[in-house]
Amino acid sequence: MRLPALALLLAFAAPALACPEPPFNETVELGGTATWLEGDDGCALDVRIDANVRGSAAMAHVRRRDQAPLMELAFRADLSALTGLNAVQVFDLVHAVSAQPAGSGDQRTATVFALSVFGNIAGTSRNLGVSAPCPGQPGGQCTLSVPLPVRPEITLRLEEGAGTGSLRLWVDTPTSDAPTAVMNGLDTVALGGIERLALGLGNPSTGFLAGQATRTVRFDRIALADDQLAWISHEAGEDANCPVGVPFPLGSVSGSTCTGSHDLPALASGSTRNRSPAVLYRFTLPEPRTGAFSIAEPTPFGVALFLCEVPCGPATRCIATGNAGNPLTFSQLQGTWYLVVKPAGGPSACGNYTLTYNGPLG
579 MRLPALALLL AFAAPALACP EPPFNETVEL GGTATWLEGD DGCALDVRID ANVRGSAAMA
639 HVRRRDQAPL MELAFRADLS ALTGLNAVQV FDLVHAVSAQ PAGSGDQRTA TVFALSVFGN
699 IAGTSRNLGV SAPCPGQPGG QCTLSVPLPV RPEITLRLEE GAGTGSLRLW VDTPTSDAPT
759 AVMNGLDTVA LGGIERLALG LGNPSTGFLA GQATRTVRFD RIALADDQLA WISHEAGEDA
819 NCPVGVPFPL GSVSGSTCTG SHDLPALASG STRNRSPAVL YRFTLPEPRT GAFSIAEPTP
879 FGVALFLCEV PCGPATRCIA TGNAGNPLTF SQLQGTWYLV VKPAGGPSAC GNYTLTYNGP
939 LG
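Just so you know, we're using our numbering here: the sequence shown kicks off at 579 and counts up by one.
Worth flagging that the hints you see were computed from the coordinates, not collected in a lab.
These numbers were taken from a predicted model, which means no experiment stands behind them.
Accuracy of the hints is not assured; some may be wrong.
[As the list claims (entries may be wrong)] Cβ pair distances, simulated, as ranges: (1) L722 x I699: 18 to 24 angstroms; (2) T742 x A629: 39 to 45 angstroms; (3) N698 x D656: 15 to 21 angstroms; (4) G833 x P752: 51 to 57 angstroms; (5) T862 x G717: 16 to 22 angstroms; (6) L722 x A874: 38 to 44 angstroms; (7) G833 x A629: 24 to 30 angstroms; (8) S832 x A596: 27 to 33 angstroms; (9) N603 x P727: 28 to 34 angstroms; (10) P864 x P727: 49 to 55 angstroms; (11) V724 x T837: 16 to 22 angstroms; (12) L722 x D656: 22 to 28 angstroms; (13) R867 x L648: 42 to 48 angstroms.
Beta carbons: idealized from backbone N, C-alpha and C, even for Gly.
Build the full structure now, drawing on both the sequences and the hints.
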């Protein structure tokens with residue numbers, strides 16, 4: 579596959595050494611690892627989820643400076659370690675997220691497009707699912723799927739538009755050939771375009787966490803053609819519609835996500851997504867402290883807990899996650915932070931919870 583001259587292709591020779599200049603400049607490691615190294619074909623990325631904890635993710639991502647009409651991404655993914663991947667073991671391979679969601683209620687989204695991987699019922703074959711916003715379709719989403727080999731080479735080309743956008747996908751074919759699949763009629767303008775583009779293991783289902791944790795996926799031949807990349811960190815992850823977190827009380831608090839806000843349909847630089855409501859708490863640590871938050875759900879509904887920076891938003895950095903039975907822990911934390919309570923890694927749901935912290939806050 580050949581890409582335009584804007585493609586950021588990095589070629590090095592020593593596979594045992596770390597990649598000195600990764601094509602994606604940030605990582606999300608929530609219960610997992612994302613490691614850059616030098617591969618045989620340029621920089622390679624190894625990602626792995628280590629724990630069966632909802633909200634876990636291992637992705638590399640980059641921030642876009644501004645909306646642009648065209649973006650093209652190419653990569654090869656080695657999925658051979660994910661043996662027996664079946665229909666309930668689903669994860670995001672690529673997720674492009676806006677800083678500002680659009681839509682209302684459980685139709686609110688920050689996803690500009692997503693590529694997800696899932697197997698068949700028997701666990702003998704894989705498919706690549708594609709989703710993107712388009713008006714007039716059920717749930718406001720266009721979707722399609724194509725068969726996926728064990729080591730696919732994938733190129734996607736996004737053209738932004740207000741009901742006129744398109745996404746073209748090539749799997750193991752050069753871009754000079756006809757695309758493997760085409761999705762037309764997309765509305766990316768309503769979301770304001772891509773703010774973060776993430777590559778790796780994101781938004782894993784509970785089935786994936788239970789059956790595929792500790793297994794590594796490698797990406798290489800990574801090329802990104804985009805003149806709107808900004809090699810900066812998380813200074814501007816704001817979302818003007820982000821709900822205001824309530825102060826976290828001493829000890830514990832009980833609540834329900836059913837009365838929460840839908841303004842966070844994605845979290846952790848886009849590595850986690852769903853359409854369920856979330857509740858936010860804020861707290862301030864005037865000096866470095868180490869501690870843990872635990873969360874309980876009287877009736878299980880898939881609750882997850884995230885520790886995120888302020889200001890909050892779909893593209894904001896989150897540094898830790900936990901769920902019922904797996905406390906969220908932090909070390910030497912200081913300043914003001916958000917706790918986000920929401921379901922993760924499953925279908926739309928809500929329920930009651932009790933959130934507890936044993937230690938001084940404020």
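(message) Taking the Cβ atom of N603 and the Cβ atom of P727, is their distance within the range 28 to 34 angstroms?
(response) For N603 and P727 the Cβ distance comes to about 29 angstroms; the hint holds.
(request) Given the range 22 to 28 angstroms, decide if the beta-carbon distance of L722 to D656 lies inside it. (result) Taking Cβ atoms as reference, L722 and D656 lie about 23 angstroms apart, which means the hint holds.
(request) State, for the Cβ atoms of P864 and P727, whether the hinted interval 49 to 55 angstroms holds or is violated. (result) holds (54 angstroms)
(request) Using the beta carbons of T742 and A629, state whether their distance is inside 39 to 45 angstroms or not. (result) holds (43 angstroms)
(request) State, for the Cβ atoms of G833 and A629, whether the hinted interval 24 to 30 angstroms holds or is violated. (result) holds (25 angstroms)
(message) Holds or violated: the 18 to 24 angstroms window for the beta-carbon distance between L722 and I699?
(response) Holds, since L722 and I699 (Cβ atoms, about 20 angstroms apart) stay within the stated range.
(message) The hint says 16 to 22 angstroms between T862 and G717; measuring C-beta to C-beta, is that right?
(response) Since the Cβ atoms of T862 and G717 sit about 38 angstroms apart, the hinted range of 16 to 22 angstroms is violated.
(request) Take the C-beta atom of R867 and the C-beta atom of L648, compute their distance, and say whether it sits inside 42 to 48 angstroms. (result) At 46 angstroms between Cβs, range holds.
(message) Given a hint of 51 to 57 angstroms, does the C-beta separation of G833 and P752 actually sit inside it?
(response) holds (53 angstroms)
(message) Between the beta carbons of N698 and D656, is the distance compatible with 15 to 21 angstroms?
(response) holds (20 angstroms)
(request) Determine whether the Cβ-Cβ distance between V724 and T837 falls within the hinted range of 16 to 22 angstroms. (result) violated (40 angstroms)
(request) Can you let me know if the beta-carbon spacing of L722 and A874 is within 38 to 44 angstroms? (result) Hint holds: Cβ distance 40 angstroms, inside 38 to 44 angstroms.
The structure fails hints 5, 8, 11 (numbered hints given earlier, in ascending order).
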